[in-house]
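K.L.:
Now for the letters of each chain:
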Amino acid sequence: MKPTFPHMGTIGVLGEAILRRFGREVILPPKTSKRTLTLGSRYSPEFACLPLKVTLGNLIEALERGADTIVMLAAGGPCRFGYYATLQNLILKNLDYEYELITLDYDMLNNLRKLKRLAQGQNWFQIGEAFRFGFLKLLTLEKMERSAHRIRPYEIKKGSTTKAYDEASRIIRRTFSFRELRWAKREAISLLKKIPQDKTRNPLKVGVVGETYTVLEPYVNLEVERKLGEMGCEVHRPVWATEYMISMLPIFSRWGPRRKYRKAAQPYLKEEPGGECIVSIGGTILYAKRGFDGIVHIAPFTCLPEIVAQGILSKVRKDLGIPILTLVLDEHTAQAGLITRLEAFVDLLQRKQARQKMKGKQG
Amino acid sequence: MDTYLGIDVGSISTNLAVINEERKVLVWEYLLTGGKPIEAVQKGLKEIENKLPSGTEIKGVSSTGSARHLTGILVGADTVKSEIIAHAVAASHLIPEVKTIFEIGGQDSKIIIVRDGVVVDFAMNTICAAGTGSFLDHQAQRLGVPIEEFGDLALQAKAPTRIAGRCTVFAESDMIHKQQTGHVTENIVAGLCQALVRNYLNNVGKGKEILPPTVFQGGVAANKGMKTAFEEELGYEVIVPEYYHVMGAIGAAMLAQETIVETKKTKFKGFEVSEVDYKTRSFECTGCPNLCEVIEVLMNGEVISRWGDRCGKWEVLEK
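First to last, the sequence lines map onto chains A and B.
Everything in the first sequence is counted per numbering that gives the first Met the number 0, starting at 0 for the first residue and increasing by one.
Everything in the second sequence is counted per numbering that gives the first Met the number 0, starting at 0 for the first residue and increasing by one.
The shape of chain B in the complex, shown without the other chains (with noise of 0.2 Å):
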């Protein structure tokens, strides 16, 4: 069976999910990144390797993410392409007619308007992370409510409280002033979510057309509470895929293929990487008073690939 591979390494996140030429998704692997983008990627690979049944091939490899360079160069992928452009190809293929795509994860959203199955029009948070999964993670251990159980207790909110959302420090501030004149846990957790979903539609989505269809996937559409929030707050039905958790990986692999139909062969180097040792290191070069610090990738002790600078003498490999 012949079979594509997408890899997806974000922040917090490392997914990977393979699928076949009719795109329906074989496996797929979610596992934490821990700051160790290449241990997460052999960790995947080799748990891919094993539920993978025996005789499937990989015929092509795509990574995305923002590990997606690294990535794609520790595996051999045939295509490294933005999350985003991943993100939006698995959105339409799944819902053809979709037209607003919210993506939001550990530490950035994004907001992906497509017209036709053609993305015309996205942004991504900028320099803030209210309006990310970071922000419930950060305020449901405040809270002492396990993430893994806030989207179901903020469905049971019977009056939401209205918590300040636009800076995450400040949210904590007026949170625990909500918690201090005796608002019920479940209505803070709810008020969060609201505070997140009026934090993210006035700043990610500023300015944006944002029509039904639209599709919310990323870690945090796991949590029920936020569904509700953004469809109380929007008016219609917002559609959870059944992978929304690795949609970025999906998407990958269906980049793989599309990349595959035009080079014909694969440049992956196969399972047998989660065997190889790989260490990144950096310098400082101190060839100009920019300072750049420039990343060494190594396989078994030797240099694969390099990048950081801006002017690019470090990036081209002299053999």
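Looking at chain A on its own, in the form it has when it is part of the complex (with noise of 0.2 Å):
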């Protein structure tokens, strides 16, 4: 059995990490790149959202280099992202490719069994070390991924942050053991503070909020973090792998790390339509309140959830006077109008900002 399993940002990860330590080779789809892009939309629905397609085009990738056993979340919700597996499946078995599909859902019980069988008969020990070691791992690159968003705006040479965060990701990523793990992260720190910066700048405060697949894979959103923070903004984002994972388990539906959005976005929305939508509203709220300068939001083209957002926070950014852009992404979606877009966007919130000093110094 070669299990594989599509992209999403660094969440391959954790899967690559449980599986390996199960004793799995595992095959991960190459890179997302305009060829994935191009395969996904070939064979899918037309109005299908693009994370569909996309990593529809990651398991043709990987099955292409000998993938036999698909591993998916399949939670019947959160939004259409429950189906995913049902209509890939469809696709791919019309496309006539030979592979066994394993999914993971609500029913707690039955995912352990099948968890059970990936393990090749491991104890519950080891299977729980092997997740331990999964998360610690993705927690690892998150936190350094966290400190590139810092670090970016203040670097000297551009391109200097995103470089020694490559190698230190690449250094994270081939551990597969917790003392592999602990050395690698001494590594990778170094690595990150290594990094000449100017710290006489005074950064924008961007918040990064959206759909988690579209926020979290950078092929997807045009590198969208990348850019900010080269053109001079600290990028923070309440998305994060982990928590998406952890917030996906029953259990914590209620009490898990959504919880302060969910109280946050209160006072416009009392119920949660799925998605990310709560958390986009609570999270420009949140940094809102915290002084942000601006907030950058993210969304798939005809994502439900984040429409219902995107709503809703036209009527936040009139009560609390925080700058709001709203990007749409698909296939189609054309990186010049973009990046003028984010410009413009950029320039905008540089320019209050000089007026906002400008008229504390005259006060």
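Note that these hints are calculated values from the structure, not bench results.
Because the structure is a prediction, the values reported are computed rather than measured.
Please note that the accuracy of each hint is not assured.
Unchecked claim - Some chain B residues flagged as far from chain A (calculated, every beta-carbon gap over 10 Å): (1) Phe121; (2) Lys263; (3) Asp276.
To be verified - Derived, one-sided and incomplete: chain B residues facing chain A with beta-carbon distance under 8 Å: (4) Met123; (5) Cys287; (6) Pro288.
Note that the Cβ used here is the ideal one computed from N, Cα and C, for glycine as well.
Both chains are sitting in their own frames, so use the hints and assemble them into the complex.
P.N.:
This is the structure in structure tokens:
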């Protein structure tokens, strides 16, 4: 059995780590590229959302590389994502690919049975350790990403943070034991610390909110976070793969990491319309209250939860006076148009900041 | 005399404007880009040089518009800014209390919301040409009306025809249908203006707080029928500034002035740029499955800049 699963930002690290510890040979899809998108859009329904198309492309490319088992989450919710596995299975079967599909969903007992099979007879302690390691590895990687977001606006040489982060991520990705990971973490941190920085700068603070997949997958969002960073913005975001995984577990659906966003969004929205709608709204409100300069809201075309969020966010913008830029992405997104919007948005924030500073001096 | 030059290279037109320290427009130039931005900029520079009185010194240059990066490299711009900011700066200088800016150009249209002289929100048309100058251009051709006479003809309409304007292609079928049922040309022309305005306000202006004073600029503002259609829809007067078609370039010139206050010295390569041999070429990078199309700018046969790659490996020129 050679399992595979689609990419979603850094989440692949988790799956790979766990399956490797189960003694499986994992076949990861190649990095998402134009080819992935082309393949995915060719075989998907036109009006399906972008993540479905890209992940289908991932699966096709992994099957081409010799994977024979697909592991997918199929939670029945939180949005159309819950049906990806079903639909992609249909499409791939029509394309005559041979593989086995293993879906993990809300039926926890059944999930455990499936896990036991994937784990090739390892005992429950070993399985638990595999999960603990996977999460720790992903958390470490996210920690590096978080510091890269903080460092980037201060970097003296453009691109040096991205280079250091890529190297740090490579070091962490190749670890498969707790001991290796500890060493790798130390090395990665020192790499990021070595980036020459100009601490006299006063970067803008920008929150990136939106649908999980498009926020986490740099290829799909045209590296919005890197671009913002290089234009001089400190990027924060409420969406992280680890938090996402935890909030998917039914026991945490009420008390998990999303609680604070739900609470913040209360005045605008009492029910969760699914997806990350509540996080986009709650996150925006929390960032605005912390004095952020602006919010970039990312969503795939036809994403219902984010369309709801977009409508409510225009009210939030008026109430809290925070500029919000919504970027809607699909396979036709033109890079030039997106960059013009981002540049204009950052210009807007910079001019606003300069104006406030001048006022502060006078007053 | 100290002056500042702004260059706005858009999809349809290339505009240049020179302002003095008091931000008064001295000379301007409007020419068609014709798909050749480099040539348009060089030609425009030559014209500007001829028009400028002798003894004027260009103290700063800025570029904007969709070809802003290319132009910036060509002329040695002190700052390269998006057209949204350029348009907003120019409009709020001319009408300081402006709250809303409509900008409708050849292939894109934008709305800019300004409060207390600062841009607080903006939107651009996304995937469709309906709501832009191209829509009118196309239908004018179809009707056999020269685009210059379009506006005046629209004003003569007594009962504008209602035309479905959501989509450029369907608008055309609807228009032909109206023609064949006997509607007169001026009513159709006025109907087209109204369709464009409706489309613009519903798509580009969706969810935006549109308040007076409102400035209407960009090439389409030349069309008096459009101005009237906006005024009918909004219920108040819409201001079309004197230099409505070169506002982007004027704004860019103002941005150049702001930049020079900080940097002091300009990077402008001089009007000689119009004589230099610039070329662009592109190739497909085969380093990964992304197959990025990388663009190279050559000056006298030497590569001076590259862009278009996702990973950035071509962007840095090895010296």
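K.L.:
Confirm or reject each hint.
P.N.:
So, going through the hints one by one against the coordinates:
Phe121/B, annotated as away from the interface, has a beta carbon of chain A within 10 Å; the closest lies near 6 Å. Residue placement check: Lys263/B keeps its beta carbon more than 10 Å from all beta carbons of chain A (closest about 18 Å). With a least CB separation of 26 Å from chain A, Asp276/B remains clear of the 10 Å interface cut-off, as annotated. Because the closest C-beta pair between Met123/B and chain A is about 7 Å apart, less than 8 Å, the hint holds.
Hint on Cys287/B holds. Least Cβ distance to chain A is approximately 6 Å, under the 8 Å limit. Interface hint status for Pro288/B: upheld, as the beta-carbon distance to the closest one in chain A is roughly 4 Å, under 8 Å.
Violated hint for the displayed structure: number 1, the only one.
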